[in-house]
Amino acid sequence: MNESFENKYVAEGVSLENKGAGKELIVLAEADETLQKAEIEAIEVILAGRQAEESAIGPKIHEKVSEIEGGAKTLLNSFKEKVTNIVFGQKENEGQPKLPKEIFFPEEELERVKRMGLRGRKEALGEWKEKYAKQKETLANFQEEMIGRIRQCPDMHLDNFRFIKEEANRLGFTPEQKENILSIFNAYARKHNEVASIRREHPNDSELFEALFKSAPKGKIEVVEGPMTLYFKCFNVKDYALIYSQSFSGDKEFTEHDINVANMSQGCSIPTAPIKGLEGCIIAENRFVMNKRFQSVEGFSKVYSPARNEWIDEKIANENILATSENTRIHEEQHAIKRLFFDRLLRRNTFKELLSSKTDNEREKWLANYLRYTRQSAAEPRAKDEILAFFKDGTNPTETLKYLTESKKEGGLYDYLDDDNIEWPSRLQYMLQVENYKKLYDKTRNKIYTEEYHALIENSIHNAEFLEQNGRTKEQVIALLINEPLSKWAKVVGRLVAGKRIAKEK
Amino acid sequence: MDEDKKQEEIKKAYAEFADKMSALKNKQDELLQEYKDGHE
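Chains as they are written, first to last, in the numbering used here: chain Y, -11 to 494; chain A, 7 to 46.
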């Protein structure tokens, strides 16, 4: 089987398990699954020990349990090294192999520096910091390059994977970094194949919409297939609202408020999907709101732009809409790919840090960091659109606060942080089996998802009101805040109001 | 190393890992049982 055929074969969505279909990718998928299986086995041993330590016999067994935990970690690390060496190994018969860079292991190196005597430690620490920063920068650049390559040649799995392997060896990545790369690339290849497969089943745009969202589109739909995304251009706002609201259960009746909220954005990238395997692959465009920027009047060859307050040529208006549409597609596609990369890295890093943390304070810090990230991606963008829609229709701020902070259990409709809406990774779920970690999680969850989040919502509602009270129209307030994340509103409003005060004083 | 060989090597490495991890798990179970019995 020649290489291009293999590439095409896998890219067309043929099951990775099919014998002969892109063998390198089958090995990649198997290695990823085996590494995950091994990690879970090690976690079970480690957590069983920690759980026992919480019981009455805890103090007596501490030393022996720690020894077993150390053994499990060493076994796992050595297994990871073996597997990544096998997958990333230099190929034989390729002529002179490229010499890999010296591998820098940050954790081990830092431990070595800490063990050093006072003499030379400062200098060694400085050197460590320099190498650590350099490695982080190299990883970030590598990630950008990987994303760029995927976007440029989305079907060339084999070429892309070979390039990634060579680069990871050349840049001297550690087995753990290579494992992350392997896992991310495998996840990407699977998403790509899922997207290609559903598209092949439904080449008609409207039929694809109906197959996915269990409801015939109300208006025109155009679909653009990306490297791991399906971009739905929705010409009717109700179709966009269906995707935006992630209500995939069938015919949903939209209220005027739902439509107003959807109209706060011209594009979205949603984390969920109506079909398993397509999570994070659906992105959409609100063409209705893009078109609304220009109003045509019957009998006139020109269209009116309210934003520019002028009549412009219809051809120019159309070019403008198409350019906005293309920019939105690129933005949402990048967002979806980056989310796939970043989510995985963050989960893995959080888990690693939680497991190696020595105190509850440290564990709480890592949990809070993760929960804050999930809140920022799952709840804050939607809460922002809701606040602005309520603000626009003149809902009382107290009512808005009540709507947005009422939990699902209390009958709330806007509880984006309910357990059903947040995917809690399996590795982290294992940790919650230990009673002490569960208590810590409940405490941290309450702090980040309730106390901090409710305060953020309340402040944001007041910030919008405050700008209006300071002489701006509702439309101006919305225009000023709509492109800023909720967490930056206080700063933006502070600057705007202070700027106005300074200007007045002058 | 060809891909079949890689597949074989990964399987072999996992079998070794699983054996050793299972031995550790047994050791831990025995230890916990021993102390639990003593405590009761």
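Since the hints were made in silico from the structure, they are not lab data. All values reported here derive from a predicted model rather than from experimental measurement. Among these hints, one or two may not hold up.
In the EDC-like style, the derived pairs of lysine to aspartate or glutamate whose C-alpha atoms are separated by at most 16 Å in a straight line are [claimed, not checked]:
hint : chain 1 : residue 1 : chain 2 : residue 2
1    : A       : K42       : Y       : E42
2    : Y       : K11       : A       : D43
3    : Y       : K110      : Y       : E125
4    : Y       : K48       : A       : E9
5    : Y       : K226      : Y       : E213
6    : Y       : K380      : Y       : E241
7    : Y       : K61       : A       : E22
8    : Y       : K206      : Y       : E164
9    : Y       : K11       : A       : E9
10   : Y       : K122      : Y       : D348
11   : Y       : K427      : Y       : D373
12   : Y       : K340      : Y       : E42
13   : Y       : K11       : A       : E14
14   : Y       : K48       : A       : E15
15   : Y       : K52       : A       : E9
Right, here's what the structure says about each hint:
1. K42(A) with E42(Y): Cα-Cα ~13 Å, so holds.
2. K11(Y) with D43(A): Violated, at roughly 52 Å.
3. K110(Y) with E125(Y): 23 Å, violated
4. K48(Y) with E9(A): Roughly 49 Å between the alpha carbons, so the hint for K48(Y) and E9(A) is violated.
5. K226(Y) with E213(Y): Violated. K226(Y) to E213(Y) sits at ~22 Å, over the 16 Å cutoff.
6. K380(Y) with E241(Y): Outside the cut-off at roughly 21 Å; violated.
7. K61(Y) with E22(A): 15 Å, holds
8. K206(Y) with E164(Y): Outside the cut-off at roughly 48 Å; violated.
9. K11(Y) with E9(A): 6 Å, holds
10. K122(Y) with D348(Y): 31 Å, violated
11. K427(Y) with D373(Y): Not OK: K427(Y) and D373(Y) at ~33 Å, beyond 16 Å, violated.
12. K340(Y) with E42(Y): 21 Å, violated
13. K11(Y) with E14(A): This hinted pair holds, its Cα atoms lying about 13 Å apart.
14. K48(Y) with E15(A): The hint is violated at about 41 Å.
15. K52(Y) with E9(A): Violated. K52(Y) to E9(A) sits at ~41 Å, over the 16 Å cutoff.
Of the hints listed earlier, those the structure fails to meet are numbers 2, 3, 4, 5, 6, 8, 10, 11, 12, 14 and 15, in rising order.
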